[in-house]
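Q: Knowing the structure of chain S, use the given hints to seat chain W on it.
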Amino acid sequence: MHELVEFAVEKALELGADYAEARFEEKNGTELVMKNGNAESLGILADRGIGIRVLVDGGMGFASTNVLTKESVAEAVKKAVKLAKAASKVRNEPIRFSEEDFHEVYYEVKMRKDFRDIPPEEKLELLKKVEEEVKGTGVNVPMRYLMYSDWMWHKIIAHSDGGFVESYIPRVSLTYNLVVFENGQMEQAPFVQRAFSGGLELLEKDEPWKWAVKDVMALKRLIYEGQKPPEGKVDLVISPEVAGIAVHESVGHPYEADRIFGREAAQAGESFVKPDMLGKRIGSDVVTVIEDPTIPNSWGFYLYDDEGVKARPRYLIRNGIINEFLTNREYAYKLGQRSNASARAINYNREPIVRMANTYLAPGDHSFEELIEDIKLGVYMVSFNEWNIDDRRYQQRYIGREAYLIENGEIKHPVRRPILEITTRALWSSVDAVGKEVEFYPGTCGKGEPGQGVPVWMGGAHARLRDIPLRRP
Amino acid sequence: MFDVNEFILKKAKELGFGDVVVLSYETNRRQVRFANNEITIAKNWHERKVELFVEKEKRVASTTITELSEENIERTLKTLLSNMKGMAPKEDYYGIAEGPFEYKDIPETFDKAIVELDEPNEYVERAINAALEEGAKRVAGVLYTDHNKLYLTTSNGVEAFDEGTGIEISVRAFIGDLESGHGTNSVRVLKKFDPESAGRKAGEIARLARNPEQGPEGKFDVIFDPLAFANLLSYMSFMTSAYAAEAGFSFLVNKLGQKVANKIVTLKDIGNLPNGYGTRKFDDEGVPTRETTIIENGTFRTFLLNTSLARKYGTETTANAGLVMPHAWNIVLEPGDYSKEELFSEVKKGIYITNVWYTRFQNYVAGDFSTIPRDGIFLVENGELKPIRNIRVSDNLQRILENIIALGKELYHIHWWEVRTPVSTPYVLVKDVGITRATK
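Heads up: the sequence lines are chains S and W, in that order.
The first sequence begins at 1 in the working numbering and counts up one residue at a time.
The second sequence begins at 1 in the working numbering and counts up one residue at a time.
Only chain S is shown next, with the shape it has when bound in the complex (with noise of 0.2 Å):
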């Protein structure tokens, strides 16, 4: 395959590219979905081709195939550099990439259970223990939606530049729906999912029938005990997840360069974030958010992006200062900076773009007990359902599923639905302590046209939040 590789770029630069990039990607892998304890399907992952991109006159294009001969991959090539031939004529200024180091590597993640070594049945094993488990609680949960999947992803990156990165990623995940029926009442814990970079012995490791127990228990205890939350300025103290989620939808993709400039107007939306804005407050000094794709075993995982560029932490947000962009090699550029190692693409028929990898607010010096014990009144937001963002990534909500009042120091009953609806400068002004421990959760992040849903960590610290206008359904 590496000859193929080297050849599309070849071809390209024969045929005028000025810059060519080839990239084969082969994914190999198991689904299997479990639905109200039916096994209800087997599903083999077996995908491999090549997507090539260049540029032509400062014009980009891109072409791929599933057709892995000579003839189908110089035809591809022929395409992608006749169709950045035609775009170029239709561009104000010619897209220019940054000047970067390139190497040649091969990496690996290791697995000590190979997923490619076990049977289907054993791992629909993992599928039935969830089930047993949920139904050992006793609690009424008549929807139990679970789904298994794995993937080897292997791929082979040579461009132009020089840089050549040929990469294998195993990949497993576990994601769960489930539906909570009791006293007449039901509470729902939709798309959870535990996912990590590696073999089958981390999903074992971190066992998630253990979380869907605890879903579980959470939601029948707010059915029973719930009450409402209380409503107008409180105090809010934000788990690891939550804090996740909003690290990712209000620092990460905001801070995207392609959005920055424009190029996702149309989908995925503008940011309200500017190139002047680098170096000025958008938090408190505790505020510090880092996004690195290097975190072993992380969901987010690689060393080396899709443009062949090496990876490591960024600091979007240090100390409450906006400190860094995403980029990529075209954003780079027209920062006048180096690449930061964030383009990503989800197969070989999609082009890299700007993504994150594992966004994280980072540890501060508080433990729990030192968050909770001067709040008088406040809320304890653990885990969310409902939750979005507008396209410039400013005005946001996040609906509390797992949530507790917190009184005179104590974390008293669940409280149903406690909503957080705030802007991004007020959400990250508002913090004035983080928790010493980091955690993360896995989930997919969607960006461009066509789709591209790339695995992505979030997490952080617990952080505390002071004076925030809560809000009840």
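Hints are not guaranteed to be accurate.
Capping the alpha-carbon separation at 35 Å, the derived lysine-lysine pairs in DSBU-like fashion look like this [claimed, not checked]: (1) S:K82 / W:K85; (2) W:K13 / S:K27; (3) W:K56 / S:K135; (4) W:K349 / W:K312; (5) W:K85 / W:K10; (6) W:K149 / S:K82; (7) W:K85 / W:K112; (8) W:K104 / W:K386; (9) W:K49 / W:K137; (10) S:K110 / W:K85; (11) W:K49 / W:K104; (12) S:K27 / W:K10.
Using C-beta positions, here's what the derived DEER-type ranges look like [stated by the list, open to error]: (13) W:E98 / S:D57: 53 to 59 Å; (14) S:E410 / W:L385: 15 to 21 Å; (15) W:T27 / S:H413: 35 to 41 Å; (16) W:T27 / S:D57: 25 to 31 Å; (17) S:D57 / W:N297: 57 to 63 Å; (18) S:N140 / W:E410: 43 to 49 Å; (19) W:E410 / S:N347: 35 to 41 Å; (20) W:E291 / S:G162: 55 to 61 Å; (21) S:E201 / W:R210: 31 to 37 Å; (22) W:R210 / S:D57: 44 to 50 Å; (23) S:G446 / W:R301: 43 to 49 Å; (24) S:G162 / W:K149: 36 to 42 Å; (25) W:G135 / S:P275: 22 to 28 Å; (26) W:T27 / S:P119: 30 to 36 Å.
Worth flagging that the hints you see were computed from the coordinates, not collected in a lab.
Note that beta-carbon positions come from the ideal geometry of N, C-alpha and C, so glycine has one too.
A: Showing chain W alone in chain S's frame:
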């Protein structure tokens, strides 16, 4: 590709599989993406693939084969077989449709002119220019052309072929940071393609939306533009699948025969809709697509079904296979009798929402959700529009359907990034819609 299908079916039968469905695709898709009035990238995809579904003693499995050599096909079938051994049977599996069937050509689903179209950039420029003429400063969007061939062979006597084309554009126009508008146009034949209309609408809304003020919160009568209401109906289309209901993702659970909407609401799925972006001649089992009334005069009539789910519930398939998960083809909200002007004059004090995105549910079975208006939002007072910003629709899907009080008489066919299942809908007036906003 029927030769490939036949080979797969023959080999699958030799290996002892029961039900077998082989669905082959040959697709040619082009994309032109643009932003800031210029093309950001142009793409081309050419793909041949086979979606394969097999059953053996109530164990079901599926895969997609992209490398179509005989060796790989045999290897794939053997892999499926060995993987299925030891799997638990799907106790509620009841088979696939018995063919053969007869198929009718559906008008306006194929156009040679789209296949032969050499260069679509001129349509992009026309859309951009139309938006700029309306006063936009920055225009972004995407254009697609599609040419698909579909070959279906099943173990139950089906052999079916469909060939379709399409061209569509989605245009978003901006003036400042806060003033924007959106328009789309999706058709299956070139002579009906009108990229200017999408650009003009986007530009016009952006122009009307200049200098917006912070919007109010509370309960308001809301006029949903077709673009905005299509988003809600597209999310709802998933909830009309029997599979989604069983899995806990639908507010329609246990509501068959019940009133779930105002009596003026009739909602259909039309798989054979002429010029519909989701139209196909047959579903994944080969059953000829058709019109299915999901909600009739406010009453919930049926979930969307494939053969297995239909048999499970003692009824007939609605021709919406998806072999595992039935799904809608083209959702259609039947129009009413209001002109656009009459609809706006109904509203003494309300809100006009031109587009929404990021619809998310707190609870699927209850139907509680919120969604965010984007692009122009307007207070409507005695026929006048005043631009506002920063509000959120926070309500319940069933309550929205129950509170529909007037429907426009013209249908608009919507399909774009946020509306993945195509939806035809008129302008819709809903009373007492929950509107919230951030207060800090």
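Q: Would you mind marking each hint as holding or not holding in the structure?
A: Here is what the structure says about each hint:
no.: 1; hint: S:K82 / W:K85; result: violated, 49 Å
no.: 2; hint: W:K13 / S:K27; result: holds, 27 Å
no.: 3; hint: W:K56 / S:K135; result: holds, 29 Å
no.: 4; hint: W:K349 / W:K312; result: violated, 49 Å
no.: 5; hint: W:K85 / W:K10; result: holds, 20 Å
no.: 6; hint: W:K149 / S:K82; result: holds, 24 Å
no.: 7; hint: W:K85 / W:K112; result: violated, 47 Å
no.: 8; hint: W:K104 / W:K386; result: violated, 49 Å
no.: 9; hint: W:K49 / W:K137; result: violated, 42 Å
no.: 10; hint: S:K110 / W:K85; result: holds, 28 Å
no.: 11; hint: W:K49 / W:K104; result: holds, 25 Å
no.: 12; hint: S:K27 / W:K10; result: holds, 27 Å
no.: 13; hint: W:E98 / S:D57: 53 to 59 Å; result: holds, 57 Å
no.: 14; hint: S:E410 / W:L385: 15 to 21 Å; result: violated, 51 Å
no.: 15; hint: W:T27 / S:H413: 35 to 41 Å; result: violated, 55 Å
no.: 16; hint: W:T27 / S:D57: 25 to 31 Å; result: holds, 29 Å
no.: 17; hint: S:D57 / W:N297: 57 to 63 Å; result: holds, 59 Å
no.: 18; hint: S:N140 / W:E410: 43 to 49 Å; result: holds, 47 Å
no.: 19; hint: W:E410 / S:N347: 35 to 41 Å; result: holds, 39 Å
no.: 20; hint: W:E291 / S:G162: 55 to 61 Å; result: holds, 58 Å
no.: 21; hint: S:E201 / W:R210: 31 to 37 Å; result: violated, 58 Å
no.: 22; hint: W:R210 / S:D57: 44 to 50 Å; result: violated, 37 Å
no.: 23; hint: S:G446 / W:R301: 43 to 49 Å; result: violated, 33 Å
no.: 24; hint: S:G162 / W:K149: 36 to 42 Å; result: holds, 40 Å
no.: 25; hint: W:G135 / S:P275: 22 to 28 Å; result: holds, 25 Å
no.: 26; hint: W:T27 / S:P119: 30 to 36 Å; result: holds, 33 Å
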